[in-house]
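> For the sequence shown, my numbering assigns the number 120 to the last residue and increments by one with no breaks.
Read the hints as simulated data drawn from the structure, not as lab findings. Don't take each hint at face value.
Result set (SDA-like, lysine to any residue): computed pairs, CA atoms no more than 20 Å apart in a straight line [claimed, not checked]:
#: 1; residue 1: Lys99; residue 2: Ala41
#: 2; residue 1: Lys99; residue 2: Gln27
#: 3; residue 1: Lys99; residue 2: Leu72
#: 4; residue 1: Lys99; residue 2: Arg23
#: 5; residue 1: Lys99; residue 2: Ala87
#: 6; residue 1: Lys99; residue 2: Arg40
#: 7; residue 1: Lys99; residue 2: Gly14
#: 8; residue 1: Lys99; residue 2: Met10
Quick list of the computed label-pair ranges, beta carbon to beta carbon [unchecked claim]:
#: 9; residue 1: Ala43; residue 2: Val18; range: 29 to 37 Å
#: 10; residue 1: Ile15; residue 2: Tyr54; range: 35 to 43 Å
#: 11; residue 1: Asp3; residue 2: Gly55; range: 16 to 24 Å
#: 12; residue 1: Glu74; residue 2: Glu21; range: 14 to 22 Å
#: 13; residue 1: Leu108; residue 2: Ala75; range: 36 to 44 Å
Here a beta-carbon is modelled for each residue, glycine too, at the ideal position from N, C-alpha and C.
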Amino acid sequence: MSDTILLQGMRFEGIHGVGDEERAEPQLLEVDLEVRLDLRAAAASDDLADTLDYGTLVDIARRVVEEGDARLLEAVAGAIAAEVLAAHRVQEVVVRVRKPAVPLDADLDFAQVEIRRTAG
């Protein structure tokens, strides 16, 4: 059985991008994080010890975005997924990273990467 915890629309600033212009100043990145795990014990006990503390997930996403130095959104998403899987007993993690200010000659809301990783 697999249940889901979803943290959607986290916003952090970091220096990520390919070109010098993108890397000159911190930019806003938005992160969605889904983790799949068995939440039956937490549902029955109503005890934080039986679930995954959402704050630890926010901390991982914040650290990767704010302290990282990636050229690609794919690398940011991959680093978040790897840290979540290493730190927590989850079955699967889905990470979406969006960049609202994309230096492309197009009218678009954002560029987004989504990756999905499973435990061991």
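> All hints are to be evaluated individually against the structure, with a verdict given for each.
The hints, checked one at a time:
1. Proposed proximity of Lys99 and Ala41 is contradicted: the alpha carbons are some 36 Å apart, above 20 Å.
2. With a CA separation close to 8 Å, the supplied pair Lys99 and Gln27 stays within the 20 Å bound.
3. This hinted pair checks out: Lys99 and Leu72 have alpha carbons roughly 10 Å apart, not beyond 20 Å.
4. Note on Lys99 and Arg23: the hinted pairing holds, with a Cα-Cα distance of about 13 Å set against a maximum of 20 Å.
5. For the given pair, Lys99 sits about 26 Å from Ala87 by alpha-carbon distance, which is inconsistent with the 20 Å threshold.
6. A C-alpha spacing of about 35 Å is found between Lys99 and Arg40, which places the hinted pair above 20 Å, so the restraint is violated.
7. A distance of roughly 11 Å separates the Cα atoms of Lys99 and Gly14; the hinted pair therefore holds under the 20 Å criterion.
8. Distance restraint check for Lys99 and Met10: the Cα-Cα separation of roughly 12 Å lies within the 20 Å cut-off, and the hinted pair is therefore satisfied.
9. Ala43 and Val18 have their C-beta atoms about 44 Å apart, which leaves the hinted 29 to 37 Å range violated.
10. The hinted range of 35 to 43 Å is not satisfied by Ile15 and Tyr54, whose Cβ atoms lie roughly 26 Å apart.
11. At roughly 19 Å, the beta-carbon separation of Asp3 and Gly55 lies within the given 16 to 24 Å, and the hint holds.
12. Between Glu74 and Glu21 the C-beta distance comes to about 20 Å, which sits within the given range of 14 to 22 Å.
13. For Leu108 paired with Ala75, a C-beta distance near 21 Å fails the hint of 36 to 44 Å.
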